[in-house]
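Single-letter residue listing:
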Amino acid sequence: MVSKPHGGRLVYRVLKDSRRERILDEISELPRVDIDRDTAVDLENIAYGIYSPLTGFMVREDFESVLDLMRLSNDLPWTMPITLDVSKEDAESFEEGDQIAIYSEGTPIATMVVEDIYEYDKKNYARMVFKTEDPNHPGVARVYNKRELLVGGPIELLNHLPNQYERYTLRPIETRVVFRERGWRTIVGFQTRNAPHIGHEYIQKTSLAFVDGLFINPVIGRKKPGDFRDEVILKAYETLIANYYPKKSVVLSIVRYEMKYAGPREAIHHAIMRKNFGCTHFIVGRDHAGVGNYYGPYEAQEIFNEFPDLGITPLFFREFFYCRRCGGIVHEKICPHDENVRLRFSGTMIRRHIMEGKAPPEEVIRPEVAETILSFEKPFVE
Amino acid sequence: MSEKKPSGKYTTVSIPRTLYTRIQKLIEGKGFKSVSDYVTYVLREVVAMHESEVQEEPFTKEDLEEIKKRLRALGYI
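These protein sequences, in sequence, are chains A and B.
Counted the way the working numbering counts, the first sequence spans residues 1450 to 1831.
Counted the way the working numbering counts, the second sequence spans residues 89 to 165.
If you are wondering where the hints come from, they were derived from the structure by calculation, not from laboratory data.
Keep in mind the model is a prediction, meaning the values are calculated, not measured.
Hints may be right or wrong, so weigh each one.
[To be verified] For lysine-lysine, the following DSS-like pairs were computed, each having C-alpha atoms within a straight-line distance of at most 27 angstroms:
no., chain 1, residue 1, chain 2, residue 2
1, B, 97, A, 1572
2, B, 149, A, 1465
3, A, 1672, A, 1697
4, A, 1827, A, 1782
5, A, 1697, B, 157
6, A, 1684, B, 157
7, B, 97, A, 1571
8, B, 97, A, 1697
9, B, 118, A, 1580
10, A, 1684, A, 1672
11, B, 156, A, 1684
12, A, 1696, A, 1654
13, A, 1465, B, 157
14, A, 1697, A, 1571
15, B, 118, A, 1782
Please take these sequences and the hints and turn them into a complete structure.
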């Protein structure tokens, strides 16, 4: 049986038909709050149950409980604050109990019933979640850019955000149906932001050996220069699956999500998201959701010890590499040889080859995958 | 059964002294900071197991048919 949603019930807060139309007709009468892209993506994820059991942005009790205890106020594991920030001027136009309209890029996307308006300490938020107050940390910088107040309460989605990859987008109710229809009882989730190299393939296949199905779930979101473009990642995965995977054992679909780079805390959050998609297992590699040197290489694995009640089983992996003496793909637990016979799957090396219009070595990336990547004029974000 | 709602982040429950001592010995060198830590860990595991026996989904049969239609069109099922 696929995993139960976090908290026992899959949230679905998407308005349809006449109720949606009625609210849209009256939307201009409601106090208006404009939100940034990150918050809009979080809102959509709440509405589709990817963040179950959240039904809206966090009220103070949950926010503080998440910061202090890494749990919601009802004791469920939850490590990342999901918040809606507003300015003091915004907050003057409504009070607790009011319904407000939420806009993204000029379009009304949701309504929210305001349950709580509260102040918060940005440095404490940063320290508790990111373990640093350093403004150079991208997640911390985003916290420092938030507006002065937080507003909590349940939301209802009126309009989707524009989605270039709708064809690749499955929501939790859909993945759950896919997994059930395929007869899968155990499913391992794999999160990625990269085109696949052979190290990724071995991690996925090693995991797949123990479960019924593999759910490859690329994160589509903001990218930095030098990252693979989203379209390249998807096409590269399609090529890999078509040539090297048993197709009946794999589902590829995206999730829209903005990385927070909170390392260990975010690894738990990613696991909860995949639990809501129906996964029973989740792959956690080296430095999951990390950035720079803010977290230890395996801190994102160690944190799982604190959550016996998470409801999804993490699968921990060390780094895979090609060993010339072993003559295959191995990792440090099973390979006794020296570093000089090991070929690491370095992103920098792969990027260099691609930039020069050459395929990386076959021990690093499948030739068909390399060919797919090279077929793009501009495979990287500029 | 009516119990007063606890306030603050932590509250106290009672366990037999003999069990307390037994747990104290059990957790020596196992990474738990205290008996309370251990009891919290175990209780969360048990509570989660019982809660997972209940599941509701907010979808009608018609919704499900619509979902399957899309999934078939996309080649997922």
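Let me make sure I understand: some of the numbered hints might not hold for this structure. Which ones are they, in numerical order? When the structure is compared with the hints, numbers 3, 4, 8, 14 turn out to be violated.
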